[in-house]
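J.: Sequence:
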Amino acid sequence: FFIFVVVNSILDLFNRHLIYINKLIMATKVQKIMVQPINLIFKYLQNKTRVQIWLYEQVDLRIEGQIIGFDEFMNLVLDNAEEVNLKKKTRNQLGRILLKGDNITLIQAI
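In UniProt numbering, the protein residues as written are 1 to 110.
Calculated directly from the structure, the hints in this document are not laboratory data. Please note: incorrect hints may appear among the correct ones.
[Claimed, not checked] Straight line, CA to CA, 25 Å or less: simulated BS3-like cross-link-like pairs of lysine-lysine:
id, residue 1, residue 2
1, 87, 48
2, 43, 32
3, 43, 100
4, 87, 100
Using the sequences and the hints, build the whole thing.
T.: Below is the structure:
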């Protein structure tokens, strides 16, 4: 009986120690925070980042410019915008434009 009690006490202590180690490991894990698309667009606006925009159903054309405004529909106001034709390898200066959100497939910093 005495050996059973000692073994049981050792196992109980071991289990408590494992639980503590597990909690410690879980507490030190870095949790990734989800980034909302609107927050990323706002960051591009704040930092005056030049972006490239892929157009919906226009795979040969891209728009590059600096975001100076946007709304909840992802309509963008771009300054110093350029139309980039990937097939012809040409660039067309557009100046300041309003690009409707319906036309946007991807926005990336360049």
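J.: Each of the hints needs a verdict: does it hold here or not?
T.: Checked hints:
no.	hint	result
1	87 <-> 48	violated (28 Å)
2	43 <-> 32	holds (18 Å)
3	43 <-> 100	holds (19 Å)
4	87 <-> 100	holds (23 Å)
Taken one by one, the earlier hints fail for this structure only at number 1.
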